[in-house]
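Using the sequences plus the hints, can you model the full thing?
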Amino acid sequence: GEATEIDQYPWAVLIEYETNSGLILCGGVLISGRYVLTAAHCIAGVILRNGTPKFVRLGEYNITNEGPDCKITAGGGQDCTEGVTRIEIERTIPHPQYNPIKTSRWNDIGLIRLKETAPYTDFIRPICLPTKDITQARNRNDFFTMFVTGWGATENTTFSDVKLEVTVPFVPMDQCEPAYNVGVFPSKLWKGQLCAGGKKGTDSCKGDSGGPLMYENNKLFELAGIVSYGKNPCGIQDVAGVYSNVYEYRDWINSVIVP
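Residues in the sequence shown are numbered consecutively from 826, following my numbering.
Honestly, I wouldn't trust all of these hints.
Below, a list of computed lysine-lysine pairs in the DSBU-like style, where the Cα atoms sit at most 35 Å apart [unchecked claim]:
#1 LYS1016 with LYS927
#2 LYS927 with LYS940
#3 LYS879 with LYS1013
#4 LYS879 with LYS957
#5 LYS896 with LYS1044
#6 LYS1016 with LYS879
#7 LYS927 with LYS957
#8 LYS1016 with LYS957
#9 LYS940 with LYS1044
#10 LYS940 with LYS879
#11 LYS896 with LYS940
#12 LYS879 with LYS896
#13 LYS1044 with LYS879
#14 LYS1013 with LYS957
#15 LYS957 with LYS1044
#16 LYS879 with LYS927
Please keep in mind that the hints were generated in silico from the structure rather than gathered at the bench. Everything numeric in this text was worked out from a predicted model, so none of it was measured.
What follows is the structure in structure tokens.
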């Protein structure tokens, strides 16, 4: 992964947990003033044994400090963020059909409602929900390149200090599924999921569980997926990562969101 510009992907957020020991982080993505979309496994199931989601961190760049983060610009000046905004979580809403015990991780998507409205700045703003189902795009080249961003906050890895980005190719389901539908716990994939990645060493392990998979549509970013799971170790050649396909959940999202 490459470090992002300081104001790139201002909708990428981190979920902070209250834990007995150690740090847990998951990613998420701001979709409106009061709502963050994330993976259901970040707000339900096993993770809750280790901690409780308490805050969302917005406007984050370098996770080692709370204050402003600065980067030297090409002209030699400094570009600085306004520091982190931490907003308390009012409630978590995992998808009602998510089953944490199943290895297939269907419906691995959930919403977080914030206690107060996120202040929009150059460093905090929402992403657009998808206007089309990229898995059905006839001209795949339009969306072939996709982007993942995050701090590498997965269940068992060390994080990056700064926000990273990685470009990943879209992978059709029939090419992606064979790697997962094998072994002791085979996982069938379905239309609520999509695959991307499979270039060695650049998987979404550079992103976060619950973080965004994006594509550009007329210079605007749209949210295609939420990081769900992958093979261990991640970033293996020809094995794509699995994401929840946000397009399939638009109706559910709209039914849950209240002003």
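Hints and how they fare:
For the hint linking LYS1016 to LYS927, the alpha-carbon distance of about 17 Å falls within 35 Å, and the restraint holds. Of the supplied pair hints, the one linking LYS927 and LYS940 holds, its CA atoms being roughly 31 Å apart against a limit of 35 Å. Between LYS879 and LYS1013 the alpha-carbon distance is near 33 Å, which keeps this suggested pair within the 35 Å criterion. Distance check on the hinted pair: LYS879 and LYS957 sit about 33 Å apart at the alpha-carbon level, within 35 Å; holds.
Proposed proximity of LYS896 and LYS1044 is supported: the alpha carbons are some 24 Å apart, at most 35 Å. For a cut-off of 35 Å, the pair hint linking LYS1016 to LYS879 stands: about 31 Å separates their Cα positions. Taken as a hint, the LYS927 and LYS957 pair is honoured in the structure, with Cα atoms around 28 Å apart against an allowance of 35 Å. With a C-alpha separation of about 14 Å, the suggested pairing of LYS1016 with LYS957 holds against the 35 Å cut-off.
Distance restraint check for LYS940 and LYS1044: the Cα-Cα separation of roughly 31 Å lies within the 35 Å cut-off, and the hinted pair is therefore satisfied. At roughly 11 Å between alpha-carbon atoms, LYS940 and LYS879 fall within 35 Å of each other, so this suggested pair holds. Among the hinted pairs, LYS896 with LYS940 is consistent with the structure: their alpha-carbon atoms are about 31 Å apart, no more than 35 Å. About 29 Å separates the Cα atoms of LYS879 and LYS896, which keeps this hinted pair within 35 Å; it holds.
Our distance criterion of 35 Å between C-alpha atoms is met by LYS1044 and LYS879, whose separation comes to about 34 Å. At roughly 23 Å between alpha-carbon atoms, LYS1013 and LYS957 fall within 35 Å of each other, so this suggested pair holds. Only pairs whose Cα atoms come within 35 Å are accepted, and LYS957 paired with LYS1044 is accepted, the gap being roughly 15 Å. For a cut-off of 35 Å, the pair hint linking LYS879 to LYS927 stands: about 26 Å separates their Cα positions.
In the structure shown, no violation is registered for any of the earlier numbered hints.
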